[in-house]
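Input sequences plus hints: build the corresponding full structure.
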Amino acid sequence: MILDALYEPLFKEVSTGFRTKRGGHDAIKKVYHLLRRNYRPYVADCDIKSFFDSMNHDRLMEFVGKRISDHRFLRLIRRLLGMGVMTQNGELKINQVGSPQGSVVSPILANIYLHYVVDTWFEETHKRYDQQMVRYADDTVFCFKDPQAAQTFLAGLRSRLKENHLELNEDKTKIVEFRKEGPNTFDFLGFTFYWGKTKERVKLLKAKTSAKKLRHSILEFKLWIKGCRNRYRLKVLWKMAAEKLNGHYAYYGTTVNNKLGFYYFTCMQLLYKWLNRRSQKKSFSLAAFQERVRQFPLPKPWGCRLVDLNQGVLEYAI
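In this note's numbering, the protein residues as written are 47 to 364.
Because the hints were derived from the structure by calculation, they are not lab data.
Check each hint, because a few of them may be wrong.
[As the list claims (entries may be wrong)] Okay, derived cross-link-like pairs now, DSS-like style, lysine-lysine, Cα gap no bigger than 27 Å in a straight line:
id : residue 1 : residue 2
1  : 76        : 173
2  : 268       : 243
3  : 245       : 272
4  : 268       : 290
5  : 58        : 218
6  : 226       : 281
7  : 208       : 139
8  : 218       : 173
9  : 245       : 226
10 : 346       : 259
11 : 245       : 220
12 : 75        : 268
13 : 75        : 208
14 : 328       : 305
15 : 76        : 243
16 : 259       : 305
17 : 272       : 328
18 : 173       : 226
19 : 220       : 58
20 : 290       : 75
Since this is a predicted model, take the numbers as computed values, not measurements.
Listed below in structure tokens is the structure:
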């Protein structure tokens, strides 16, 4: 709380992660507004390699010392950084670099580190109207109008990170030419940004759930219903399923995300499949399951409805 009170007024607007009244949706909106007019079509999608495990303690304490001079407080932070982690073998591993796993101070210490290493440096050396950035924790997107400026920046960023004991994950770092005419896409915070079309065939910037995150969410739902189908009564399972659907919509429920209907449809199929495997006797026919969905509707994304088909399958329409 003390660190938050001291550093919140200092942090830049481009930083949205682990901050009061800011979150992932703010970062998504900022990126969307930077790109929707196609004025900054060159996107440097940068990923710092094992950032939370690589923060240099001495460098971090140097950054914290710029704002705090109380030696007792600084000593407490140093002790928190060196907090040990118990391994699976029962051995205590002392942190030499990186932030302590699970510590409540790790997020704000990470923000302090990147505030000086990336945010302030970018503002002083590269920021202009046609060169902008958005950062959520260690996930950062940089937008440029000129491709040469993007290449120059990326080379400078590598040097800047190296000076501060960090490095880019080259496999995940790339410059994307994100023009309306091109097929390129990029992922940020679980969303895939791409150029879609309206009904009038007009190009429009859209963001959908990334394929990786969608598969992961569906797999989680499957493992949950498969493992819990015999542990709870149907009424309780139905309520839990509603909570899981609402949780997915709460994060991925943007107006331009066309993958919500697919998620809902797939979860309905999984419910129908695994509720019929609670015993040797089938619990539901397709008609009975659809009737229950009508009587006790589960949360649906806007515009999504179940369609009755005689072929014995469930389908969705948007």
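Agreement of residue 220 and residue 58 with the hint, judged by alpha carbon distance not exceeding 27 Å:
holds, 24 Å
Given the proposed pairing of residue 76 with residue 243, does the C-alpha separation stay at or below 27 Å?
holds, 21 Å
Restraint status (C-alpha distance of residue 245 to residue 220 at most 27 Å)
violated, 32 Å
If you draw a straight line from the CA of residue 245 to the CA of residue 272, is it 27 Å or shorter?
violated, 39 Å
Keeping to a limit of 27 Å between CA atoms, is the pair of residue 268 and residue 243 held or broken?
violated, 32 Å
Would the pair residue 290 and residue 75 pass a check requiring their Cα atoms to be no farther apart than 27 Å?
holds, 24 Å
Within 27 Å, alpha carbon to alpha carbon, are residue 75 and residue 208?
Violated, because 30 Å separates the two Cα atoms, which is more than 27 Å.
With a cut-off of 27 Å on the C-alpha distance, tell me whether residue 58 and residue 218 pass.
At roughly 25 Å apart (the allowed maximum being 27 Å), residue 218 and residue 58 satisfy the hint.
Does residue 259 sit within 27 Å of residue 346, going by the straight-line distance between their CA atoms?
Distance of about 19 Å is within 27 Å: holds.
When you check the alpha-carbon spacing of residue 173 and residue 226, does it fall within 27 Å?
Cα-Cα ~24 Å, so holds.
Run the distance test for residue 259 versus residue 305: straight-line Cα separation, threshold 27 Å.
Roughly 11 Å between the alpha carbons, so the hint for residue 259 and residue 305 holds.
Measure nothing beyond the straight line between the CA atoms of residue 75 and residue 268; if it is 27 Å or shorter, mark the hint as holding.
violated, 31 Å
The structure fails to meet hints 2, 3, 6, 11, 12, 13 and 14 from the earlier list, while all remaining hints are met.
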